[in-house]
Amino acid sequence: MRLLRPRALLLGGFIGVYLAFVLLPLAWLALGAFKTRFESLRSPPTLIFTPTFEAFGKVVAGGFGGVFGNSVTIALANVALALVLGVPAAYALARMRPKPRKNLAFWVLSIRLAPAFGLVIPLYAFMRTVGLLDSLGAVIIAHLTINLPLAIWLMMSYFDDLPIDVEEAAIIDGANRLGVLRYVVLPVSGPMLIAVAMLVFVFSWNEFLFAFILTSSRAQTVPALIASLAGTMNFDWPLMSALSISALVPAFVVVLFAQRAITEGLTAGAIK
Amino acid sequence: MRRLGLLLRFPGAFLAPAILVLASIVLFPTGYLLYLSVRHWVITRPFQYFSGLDNYRLVLTSPSFWGAAQTTLVFIVATVAVTLVLGTALAVALNRPFAGRGVVRALVVLPLLVPPIVAGFTWRFLLNREIGMLGSWILPAVGVEASMLAHPDLAMVSIVIADVWSRTSFMFLILLAALQGIPGSLYEAARIDGASDAQEFVFITLPLLLPAMLVGVIFRAIEAVNTFDLIFVMTQGGPGTATQTLSIYGWRTAFTSFDIGRGAAIAVVMVVFAVLATTVLSRRVLER
Chain Z
0 MRLLRPRALL LGGFIGVYLA FVLLPLAWLA LGAFKTRFES LRSPPTLIFT PTFEAFGKVV
60 AGGFGGVFGN SVTIALANVA LALVLGVPAA YALARMRPKP RKNLAFWVLS IRLAPAFGLV
120 IPLYAFMRTV GLLDSLGAVI IAHLTINLPL AIWLMMSYFD DLPIDVEEAA IIDGANRLGV
180 LRYVVLPVSG PMLIAVAMLV FVFSWNEFLF AFILTSSRAQ TVPALIASLA GTMNFDWPLM
240 SALSISALVP AFVVVLFAQR AITEGLTAGA IK
Chain W
0 MRRLGLLLRF PGAFLAPAIL VLASIVLFPT GYLLYLSVRH WVITRPFQYF SGLDNYRLVL
60 TSPSFWGAAQ TTLVFIVATV AVTLVLGTAL AVALNRPFAG RGVVRALVVL PLLVPPIVAG
120 FTWRFLLNRE IGMLGSWILP AVGVEASMLA HPDLAMVSIV IADVWSRTSF MFLILLAALQ
180 GIPGSLYEAA RIDGASDAQE FVFITLPLLL PAMLVGVIFR AIEAVNTFDL IFVMTQGGPG
240 TATQTLSIYG WRTAFTSFDI GRGAAIAVVM VVFAVLATTV LSRRVLER
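Protein sequence lines correspond, in order, to chains Z and W.
Numbering of the first sequence is given in numbering that gives the first Met the number 0, commencing with residue 0 and proceeding in unit increments.
Numbering of the second sequence is given in numbering that gives the first Met the number 0, commencing with residue 0 and proceeding in unit increments.
Wrong hints could be hidden among the right ones.
Take a look, some chain Z residues computed to stay more than 10 Å from chain W by CB distance [claimed, not checked]:
#: 1; residue: T51
#: 2; residue: V59
#: 3; residue: G68
#: 4; residue: F116
#: 5; residue: G117
#: 6; residue: V119
#: 7; residue: L131
#: 8; residue: D133
#: 9; residue: V187
#: 10; residue: W204
According to the in silico footprint, chain W covers these stretches of chain Z (three or more CB under 8 Å from chain W) [what the hints assert, rightly or not]:
#: 11; stretch: 31 to 45
#: 12; stretch: 145 to 158
#: 13; stretch: 191 to 201
Pairs of lysine to any residue residues, derived as SDA-like cross-links and limited to a Cα-Cα distance of at most 25 Å, are as follows [stated by the list, open to error]:
#: 14; chain 1: Z; residue 1: K101; chain 2: W; residue 2: I217
#: 15; chain 1: Z; residue 1: K57; chain 2: Z; residue 2: A29
#: 16; chain 1: Z; residue 1: K98; chain 2: W; residue 2: V274
#: 17; chain 1: Z; residue 1: K101; chain 2: W; residue 2: V73
#: 18; chain 1: Z; residue 1: K98; chain 2: W; residue 2: L26
#: 19; chain 1: Z; residue 1: K101; chain 2: W; residue 2: A149
#: 20; chain 1: Z; residue 1: K98; chain 2: W; residue 2: A15
#: 21; chain 1: Z; residue 1: K98; chain 2: Z; residue 2: L8
#: 22; chain 1: Z; residue 1: K101; chain 2: W; residue 2: I221
Rather than coming from a laboratory, the hints here were simulated on the basis of the structure.
All C-beta atoms in this analysis are idealised placements derived from N, C-alpha and C, irrespective of residue type, glycine included.
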């Protein structure tokens, strides 16, 4: 058997080049976060330098805690609202007659597809009129316009595939709809709920346009902060790199955690 | 199959909260957008009034609007085409079993978790002519002396590369899922008939992948119309108006010139374009 077939080489080479394309920028960002400001402005740049935590120190001491707090609050509020409002709606859609269901479901999906720019102007004008600009509530509502349809759509497809016999049996035994949802459907939906919560969290955490337009200082989120620093003349590359790295961490952690939960949930289901 | 016994009662109480919330946070703003688009309202001026279709007339006769529309089209075609080709190649390559496949797949999906604003900043850092790895080491070594983001054409190339970096994983995930749904028996039959790798790809993989590709193209095209953060942090639409897409142009009109009415008209035109394009494209998906 020949080890170096041309096809394998070609494939390996392609995958290798693509991985370099994906990873090198992140490595450069991480490297930048450990430079001093002076070091970062050296041209051409250096690979070997004494790493310092100066930039991360500025992130901690620079009063950005509130900004990270805002991002967390907005994302968690979206997770809670998307699940509380979305679960019953998705369940109802999944158990409805086909025709009204199709229309409603299509409407829900089409919201997801509409250009966000069409929403940001009226939301801005409205929040301005009612004096809610630069409040957490404004951003929470804006994010929900994307997150709620997404959550409903995903959970509806999941509920669709659940076996319906158990639910029927529960109804014959005298359970009402809410009881069925709570005691029959939700206990087997853990992994899906976690996956939806994770997607909603990451969307909210990463979202920029709404957060940028609707906030200025008090309710600023992490992406909006990074953009506003990028707009200043005096570029602090290490500080921005450190902020960017810190902005990556929550999404990575959430997904890592959720991935384990999903795998565990699915395997548990398979063994039963 | 769903049984009728469970379907009889319309579970309105379950649906009502979500529908009410969606209606108030989506339908109401949509109506409000239409209302705003026929108003003359510049935030820095004290008066606002009904102005009919003036905003639309101003927008549709403005060369900067059509310039931005053209830039948007170039950006969409470039980023969708490149992510489609790369996503397909990755899906095919990573669908074959090999040691460490799980890790490679996870790494390929990584950029999907990176906020686009961070992706944009990272590429701006990389491409910087003085202090970036690409801009200061690699590009001059291959004969590109210009500063990427300061050159009109290269700035567009730069935002497309950054967007491809950020969004190829999405196309990859959709196509990988579709590939896994193709029965292996088809390939076995083809191999018995003596088909080559290329023939397998052209006559089995490609036709069966086409519906998923169309779905991917629709989602990516909508994403591309909406791309704001990445362009904003890399070029703010510049140099000049070289990378000024409709999103950036609309933002400029509504939030730096404070002309809310005209911004609303731009948004309405964008929504109409997007709806038309997705309807045409999704028809084609449904026909299959």
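Status of the hints after comparison with the structure:
no.: 1; hint: T51; in the structure: holds, 17 Å
no.: 2; hint: V59; in the structure: holds, 19 Å
no.: 3; hint: G68; in the structure: holds, 17 Å
no.: 4; hint: F116; in the structure: violated, 5 Å
no.: 5; hint: G117; in the structure: violated, 4 Å
no.: 6; hint: V119; in the structure: violated, 8 Å
no.: 7; hint: L131; in the structure: holds, 13 Å
no.: 8; hint: D133; in the structure: holds, 14 Å
no.: 9; hint: V187; in the structure: holds, 17 Å
no.: 10; hint: W204; in the structure: violated, 7 Å
no.: 11; hint: 31 to 45; in the structure: holds (count 7)
no.: 12; hint: 145 to 158; in the structure: holds (count 3)
no.: 13; hint: 191 to 201; in the structure: violated (count 1)
no.: 14; hint: Z/K101 x W/I217; in the structure: holds, 20 Å
no.: 15; hint: Z/K57 x Z/A29; in the structure: holds, 15 Å
no.: 16; hint: Z/K98 x W/V274; in the structure: holds, 22 Å
no.: 17; hint: Z/K101 x W/V73; in the structure: violated, 35 Å
no.: 18; hint: Z/K98 x W/L26; in the structure: holds, 22 Å
no.: 19; hint: Z/K101 x W/A149; in the structure: violated, 49 Å
no.: 20; hint: Z/K98 x W/A15; in the structure: holds, 18 Å
no.: 21; hint: Z/K98 x Z/L8; in the structure: violated, 52 Å
no.: 22; hint: Z/K101 x W/I221; in the structure: holds, 22 Å
Of the numbered hints listed earlier, those contradicted by the structure are 4, 5, 6, 10, 13, 17, 19 and 21.
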